[in-house]
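S.K.: Modelling step: build the complete structure from the supplied sequences, incorporating the hints.
2 protein chains.
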Amino acid sequence: MKFTVLKENLNQGLNFINRVAGKNLTLPILNNILISVEKNFLNLSATDLELGIKYWSLIKTEKEGKITVPAKILSSFINLLPEDKINLELKNQIININCQDYQTKIKGLSAEEFPIIPKIEGSNFIELNCNNFCNGLSQVVDFVVLNQNRPELSGVYFNFKKNNLTLATTDSFRLAEKVLSFEEKINQDFSFILPQKSVREIINIFSEKEGKLRFYFSQNQVLFEYLMTETPHPQVQIISRVIEGEYPDYQGIIPKKYEVQAVLSKEKLLNHIKTAGIFSGKTNEVKIKLTPQKEGIEIFSQNSESGENQSFLQGQIKYNSSPKEMEVSFNYRFIIDGLLNIKEPEVIFELNGEDGPAALKPKTDTSYIYIVMPIKSI
Amino acid sequence: MKFTVLKENLNQGLNFINRVAGKNLTLPILNNILISVEKNFLNLSATDLELGIKYWSLIKTEKEGKITVPAKILSSFINLLPEDKINLELKNQIININCQDYQTKIKGLSAEEFPIIPKIEGSNFIELNCNNFCNGLSQVVDFVVLNQNRPELSGVYFNFKKNNLTLATTDSFRLAEKVLSFEEKINQDFSFILPQKSVREIINIFSEKEGKLRFYFSQNQVLFEYLMTETPHPQVQIISRVIEGEYPDYQGIIPKKYEVQAVLSKEKLLNHIKTAGIFSGKTNEVKIKLTPQKEGIEIFSQNSESGENQSFLQGQIKYNSSPKEMEVSFNYRFIIDGLLNIKEPEVIFELNGEDGPAALKPKTDTSYIYIVMPIKSI
Numbered sequence: 005m006k007f008t009v010l011k012e013n014l015n016q017g018l019n020f021i022n023r024v025a026g027k028n029l030t031l032p033i034l035n036n037i038l039i040s041v042e043k044n045f046l047n048l049s050a051t052d053l054e055l056g057i058k059y060w061s062l063i064k065t066e067k068e069g070k071i072t073v074p075a076k077i078l079s080s081f082i083n084l085l086p087e088d089k090i091n092l093e094l095k096n097q098i099i100n101i102n103c104q105d106y107q108t109k110i111k112g113l114s115a116e117e118f119p120i121i122p123k124i125e126g127s128n129f130i131e132l133n134c135n136n137f138c139n140g141l142s143q144v145v146d147f148v149v150l151n152q153n154r155p156e157l158s159g160v161y162f163n164f165k166k167n168n169l170t171l172a173t174t175d176s177f178r179l180a181e182k183v184l185s186f187e188e189k190i191n192q193d194f195s196f197i198l199p200q201k202s203v204r205e206i207i208n209i210f211s212e213k214e215g216k217l218r219f220y221f222s223q224n225q226v227l228f229e230y231l232m233t234e235t236p237h238p239q240v241q242i243i244s245r246v247i248e249g250e251y252p253d254y255q256g257i258i259p260k261k262y263e264v265q266a267v268l269s270k271e272k273l274l275n276h277i278k279t280a281g282i283f284s285g286k287t288n289e290v291k292i293k294l295t296p297q298k299e300g301i302e303i304f305s306q307n308s309e310s311g312e313n314q315s316f317l318q319g320q321i322k323y324n325s326s327p328k329e330m331e332v333s334f335n336y337r338f339i340i341d342g343l344l345n346i347k348e349p350e351v352i353f354e355l356n357g358e359d360g361p362a363a364l365k366p367k368t369d370t371s372y373i374y375i376v377m378p379i380k381s382i
Numbered sequence: 005m006k007f008t009v010l011k012e013n014l015n016q017g018l019n020f021i022n023r024v025a026g027k028n029l030t031l032p033i034l035n036n037i038l039i040s041v042e043k044n045f046l047n048l049s050a051t052d053l054e055l056g057i058k059y060w061s062l063i064k065t066e067k068e069g070k071i072t073v074p075a076k077i078l079s080s081f082i083n084l085l086p087e088d089k090i091n092l093e094l095k096n097q098i099i100n101i102n103c104q105d106y107q108t109k110i111k112g113l114s115a116e117e118f119p120i121i122p123k124i125e126g127s128n129f130i131e132l133n134c135n136n137f138c139n140g141l142s143q144v145v146d147f148v149v150l151n152q153n154r155p156e157l158s159g160v161y162f163n164f165k166k167n168n169l170t171l172a173t174t175d176s177f178r179l180a181e182k183v184l185s186f187e188e189k190i191n192q193d194f195s196f197i198l199p200q201k202s203v204r205e206i207i208n209i210f211s212e213k214e215g216k217l218r219f220y221f222s223q224n225q226v227l228f229e230y231l232m233t234e235t236p237h238p239q240v241q242i243i244s245r246v247i248e249g250e251y252p253d254y255q256g257i258i259p260k261k262y263e264v265q266a267v268l269s270k271e272k273l274l275n276h277i278k279t280a281g282i283f284s285g286k287t288n289e290v291k292i293k294l295t296p297q298k299e300g301i302e303i304f305s306q307n308s309e310s311g312e313n314q315s316f317l318q319g320q321i322k323y324n325s326s327p328k329e330m331e332v333s334f335n336y337r338f339i340i341d342g343l344l345n346i347k348e349p350e351v352i353f354e355l356n357g358e359d360g361p362a363a364l365k366p367k368t369d370t371s372y373i374y375i376v377m378p379i380k381s382i
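For the record, the sequence lines run as chains H and L. No gaps in the numbering here: position 299 of the first sequence is 303 in this note's numbering, and each next residue is one more. No gaps in the numbering here: position 114 of the second sequence is 118 in this note's numbering, and each next residue is one more.
The set of hints was computed from the structure by calculation and includes no laboratory data. Some clues are possibly wrong.
A pair counts as met if it fits within one copy or between any two copies, since identical chains are not told apart.
[Claimed, not checked] Lysine to aspartate or glutamate pairs mimicking EDC-like chemistry, simulated, CA-CA at most 16 Å apart: (1) Lys216 x Glu234; (2) Lys109 x Glu309; (3) Lys298 x Asp105.
Nothing here was measured: the structure is a model prediction, and the numbers come from that model.
M.R.: Structure (structure tokens):
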């Protein structure tokens, strides 16, 4: 193996794949990345057996070959090199790196010992807009629950139907749902659950990218692929296993109507809830109160140790039936989590009494909804 | 106690004094800050018994009084309030806070229980330039050693002589010294050792300030004071105990000459040393090598597990006597620490053989020197 690569390209690839290397402690080879040179492509791969990432770069190849090297050492070293060409050459399992006045040798391990990252057969793919897809994922990714008894709740639910993709998560206290649409219509509806970690990596790697992402699907694996701009060759691939199991039928939890609806400034509501949170004590409980004559909501909290807080936030209030007083308790952190995923300046907050699920959604964008259960009174 | 204060002023004060509140776990009252209102001044105080911070702000007073309240609750609450006037009123040990649509009560504890922060008698002070003083402190503050057997090494040595202030620290592996000058000439030389924590607070609080800082000194305490711009009244005071003991006579360690001197780019040297550090293994050892014919230094490191690195850095080399080959080992982290405290683009690196102390200093500024001992060969 002997080739020349630009520092910038090698560094970018290492930054992508490094995120998954070295996270599995039981199998030391997983601390390494696989470097392989074939034709005029360099390919870097890393895997933790659940999730694999592959990166390709165009290079000047003198000799093909492959080796694995410790990910951490290689990437911290390459990161410090000057912005220039780097020459790499494999001699007796040792990779020799030359760049300007630097000469370095890193000990490798045979490529044979590296686990095979599964491939997906078939050529059918769906094209997704990188930016919309990643933004949608980030609006739901936080609300999974890592519970071994209910593995199906530990990932993001993907539901492809005609030309819509619905993303959903729930940890049984709150639920988030985002609907995205894509251009082509698919022949057969399908769904799967993707581990939270894989979703986070998709967001990290693809959210800065422009254009389209290709999505391939098989029984147990999914693959997300981004192409090079210079040539129709993949630049980055993320291959992940899917979680076995049936996603719960959560649609019933989303309330179809509301008892009272408040349209509020998002930033102000966030601030009022945070302020109330300071006095909420160990239960994190804050109370939202509506009084028919008042054009806004009141927020209360109190705590025998430190004190109490009350504040009023103006807004447009609409009752579904005859106006009546209402007081609902929430974990203030759950309200904050929902608000932080809404990007519009105004939010709709819908309440359904002291036991019914409440909803937070952007004022105009109907594609996102966040449901939160009240704290039940004893 | 009843007064009105601008959120901005109260918030600034809380940010200053909060840093010292709540760090002493044995005495719960120290989690509180003392709020006291006298004439048209609000005074906030906090202490950990070693270090006290006081802040004053001009306010509209309706009634004088004092109380202590939990620092963390008050400051996180005030921080979230809108930028407006805040009304505070004490009723039965409870502080009532009103600001726009927020009404809050925070439980207090009697001011009688709060420890007295010592005062310094006398009116003699030395005026120091805030910016220069804080920059100088930050160039030495890191190199103390928190060793109970040698408490005198756990602080920064201040030595006032004529119109010079010398600041020094050493952890016995390296030593940093900075000389500052001030305008007036003092009558009697004096010196003391200030705890590292107090020095860090001085840097944090005063480094953003313009103009002069007043320094007062007594047997066991020192006081740093910054005045308000509106009126000649203190705005912030830091009162700290000094460390008992004699500072070691470190001057003998600073080499008076060198065997070889290299003038190098600071950024490049930093990068070369970091790169070598990756392959230095557990000892952190990197080797610096000088060869008479070469106009620069070579940097080596190797490690049986991961590999090895060598690089060459160009520079102007000057030998004191007849040129000879030299190889010196250092802990690479110590070299990095020294370089990070030099703000000039070029540094002077002076070596005194494999056992002699080496020096790093800015190329033109003679007021700073950093000494580092080599790793002794077995």
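S.K.: Please go over all the hints and tell whether each is borne out by the structure.
M.R.: Checked hints:
1. Taking the shortest Cα distances, Lys216 and Glu234 sit within 16 Å of each other inside one copy (15 Å), while across copies they are farther apart (59 Å).
2. Taking CA atoms no more than 16 Å apart as the test, Lys109 paired with Glu309 passes between copies only; the shortest distance there is 11 Å, against 61 Å inside one copy.
3. In this homomeric assembly, Lys298 and Asp105 come within 16 Å of each other (Cα to Cα) only across copies, at 13 Å, whereas the closest approach inside a single copy is 73 Å.
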